[in-house]
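Participant: So the chains spell out like this:
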Amino acid sequence: MSSSKKIRVLVAKPGLDGHDRGAKIVARALRDAGMEVIYTGLRQTPEMIVEAAISEDVNVIGMSILSGAHNALFPKVIDLLKAEGVDNILVIGGGIIPQDDVPALKAAGIAEVFGPGTPLAEIVGYIESNVKL
Amino acid sequence: MPATKLVKGVLKGNRRDLARLITLIENEHSSAATALSMLYKHTGNAHIVGVTGPPGSGKSTLVTRITAKYRKRSKTIGIVCVDPSSPFTGGALLGDRIRMQEHSLDKDVYVRSMSTRGHLGGLARATSDAVRVMDAFGKDIVIVETVGAGQSEVQVVEVAHTVIVVDVPGAGDDIQAIKAGIMEIADIFVVNKADYPGADKKVTEINAMLDLDSRERSWRPPVLVTNALTGDGIPELVDMIGKHMSYLQETGLLKQKGLQRSRDELEQIMEYKLTKELFTRLRGTPEYEQAIKKIAGRNDDPYSVAERLIAEFLTSVRG
Amino acid sequence: MGSEKGLRKIIKEWEEGPVAKTLAKFPERKEQFETLSGIPVDRLYSPSEKALKDYGPELGFPGMFPFTRGVQPTMYRGRFWTMRQYSGFATAKETNERFKFLLDQGQTGLSIAFDLPTQIGYDSDNPLAQGEVGKVGVAIDSLADMELLFDGIPLDKVSTSMTINAPAAILLAMYIAVGEKQGVPMNKLRGTIQNDILKEYVARGTWVFGPNPSMRITTDIMEYCAKNLPLWNPLSISGYHIREAGSTAIQEIAFTLLNGMAYVQAGVDSGLDVDSFAPRLSFFFSAHNDILEEVAKFRAARRMWARLMRERIGAKDPRSWKLRFHTQTAGCSLTAQQPVNNVVRVAYQALAAILGGTQSLHTNSMDEALCLPTEDAVRVALRTQQILAHESGIVNTIDPLGGSYYVESLTNQLEEKAYKYFDQVESMGGVIRAIEKGFFQREIAESAYKYQLEIDAEQRTVVGVNDFIIEGEELKLPVLQVDKEIECHQVERVKLGRRKRDNKKVLEYLDDLRKVSKGTENVMPSVLKAVRAHATVGEIMHVWREVYGEWNQPKVL
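Chains as they are written, first to last, in my numbering: chain A, 1 to 133; chain B, 134 to 452; chain C, 453 to 1009.
Keep in mind that a hint or two might mislead.
Said to hold, decoys possible - Which chain A residues stay away from chain C? Per the calculated CB distances, all over 10 Å, these: (1) K5; (2) L80; (3) E84; (4) A104; (5) K106; (6) A107; (7) V131.
Claimed, not checked - Straight-line distance between alpha carbons at most 30 Å, and here's what the computed DSSO-like set of lysine-lysine pairs gives: (8) A:K76 / C:K936; (9) A:K132 / B:K409; (10) B:K138 / B:K202.
Simulated from the structure, these hints should not be mistaken for laboratory data.
In this text, a Cβ means the ideal position worked out from N, Cα and C, and glycines have one as well.
Can you make the complete structure from the sequences, with help from the hints?
Facilitator: Take a look at the structure:
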């Protein structure tokens, strides 16, 4: 049997902010790049995100936060993934994230952070070249 | 990781292994068939319920409500949500999970979103195998949710014991009336969104269509009214799903269906394997390409070429 | 207004009627207005004698139906719009200081931004609030916080706008209670609560309950305000967030006015006389980049609302026909790249808002694509408005773009295209049904995606982002960081508050609220009682969560 792999991505909105314009645009762009995208909707706790990522067996988690809660919530997702023994999911983030916060987020295990104005092709390209299938 | 290594975990109830095995099946990994054959004897215990209906009929909310009711009765649940893939890019947006948040942290509810990956018929090629893996995993109830808007999307009937067809009271042109094809696969009708005007009218319409059906049947599909937002009518629906299963058991139809399903499945697998084997041998060989050119140039015809190639294939197999 | 004579007559009526009446009460800022070069500027320009017969009833005159040219007879010749900068962060103490800073800088109204836990009705010590306390606005848990927020700010001297929706009744009750303590009766309170729950489902995302219970609370507030707070705007029907979520200008006005109609209908259905509450309805729009389209949008919205209210709803009081609105420049147009360019963008957007006849304005700060604004950035934003008001001269005549072939044509087209959505939504069974189906949400998401694809394909230029880039630019603007300690501090504060109050009384009032909420009586008096006893936002919302349940998001992708 031949193998026909597809990149599966969970697009998630952790925290309480309702600004999902960016998350929805990215979800569509990934779909148009041939990926299978599961969108969680708003107000996801880190626990819900990790549970969904495991159940859906995704290769990528993309999170978007515009409220400033990224320092509290992004690393928590990474910690929970580690606790579940998951190490093959590429975790990326986006939203309004001050440049100064990026090094700490990367050190915590967020592979890349995409700020406002990032072309969609850049995100697609990043996933395609860094995902572990 | 080969799929066979995940079998043990699945049988032990490891959710992550379950999720990964389904991925390998979806990806047609070379070891998936072996894993499925190892799991086969552990299947056959779950009640498989199909839920279909036009977009916007509230299927996901209904599934969420049914699940909540089953959870109160301590049943474990598996859910497969199927969405179509884009015919242009092969990508898909799988958005039903968003409606099922209330179960998102319940370890006894497993939700898996699936794209059809170009497969027609309303289900993904891997859907029935995914259902089977959930069955082996030990789920009491496995629900398959799929968009069904026309006659071409009725495959759910091949997977499910009980098919629920959902519709909403008409409110303008955007909601499609249930198509004839989909009417025939229903074991239970649900008119959802009872708070919309015209619910009673819809019930009458469906009953009228059922009256037109002249087949002799010992199970006339009941028409239930629900409001998935408030939960009205959900206990009755869950009871009805159980009643339908009892009916299948008591009348021997369950066994009969099981036989038919095994036959269909065996034949499908053989057909798939045979053609795959045949084409693996033929495609790319100079003789095959030559034969195609001859057909195109009207120096030969596809009918006799097919006869000849299959005969050759069979001889070589007997060889 | 067909004939010349007819028009002249109406101009005379306008001058002797609304204008004279307004002037008697509110004289204009100057006796004589003139351009920078000394050319006298008239109050209003209308067609030359020759073209008079083309001046149609779709325009009217400022302060007269259908208000295309403005809702007041003298507009900014009388007084400028209210300069109102939305602000709030950290705790009540820090925000109180920012308010005083803004009032010192010449701002004329307050506008409170609440943090997300407050907006969604979780107390600061709720686990779901973790990481969000004081981030996008001020954390308000109980009356004690609200008192601190307005410490030293007399409520009879300011008008206050509160961006609060699902818990609007609670924050309004707190404002009333602060007034009581300051000795200001509620009939003297001036301000606005956003209270526009429909656009939360459509675009902004801070809903809590489903549309039906939410609409019930909204109508209770409208009724309560109509009876007790005559100077209060109980609803700010908002297109701003719809536009920010990626809609077009057409969708912005169509969806906003549709929501507006839904509120009016809900009020009428609950037995209120439309003219008892409609004059206090206010609107909130975005001012985006396309200057003349934005001007046309404001004009079209005014005309549509006037006609809808008079012709469809049958409102009799001319004040019910007037669409009064607040404007905020488009946050989504700001770029993180070359952020100083944002000052220019904001200035043009503000220009559009003023040319479009806004009643109040918030100008964004240049750093808002990166973080909450710093004090310096806020000052430049406010100065932008002051420059437009005091230096630009555009304020000296009313609707200066009226009669422009382009602007009038755009106004007509926006109106026509917006009405198409009215038909579509009606065929779906109304606004709430359309929301439940995810219709608005999908329409907006599609527009947003299209816009982004155009930028990515460079069919649309965004200066500093996909063209005119500074290679290797470092984004190094001073960033306002909210202190991490703030959250711990606020958590302690809410816990302490719960220990200090009379808990028996709180439980009793919450029980009373539960009963009222299940019934049909107005919820406001019960909310006010609970608030006075220092029940928290989270506790009151919890009662409603139990009674009404939470909204389940539709599938929108």
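Participant: Each hint needs a verdict: does it hold in this structure or not?
Facilitator: Hints versus structure:
1. K5: 23 Å, holds
2. L80: With a cut-off of 10 Å, L80 of chain A remains clear of chain C, as the shortest Cβ separation is near 14 Å.
3. E84: Non-interface label on E84 of chain A holds, nearest chain C Cβ at 20 Å vs cutoff 10 Å.
4. A104: A104 of chain A clear of chain C: closest Cβ-Cβ about 12 Å, beyond 10 Å.
5. K106: 16 Å, holds
6. A107: Per Cβ check, A107 of chain A is outside 10 Å of chain C; nearest 17 Å; holds.
7. V131: 21 Å, holds
8. A:K76 / C:K936: Holds, because 16 Å separates the two Cα atoms, which is no more than 30 Å.
9. A:K132 / B:K409: Distance ~29 Å between K132 of chain A and K409 of chain B Cα, so the pair holds.
10. B:K138 / B:K202: 34 Å, violated
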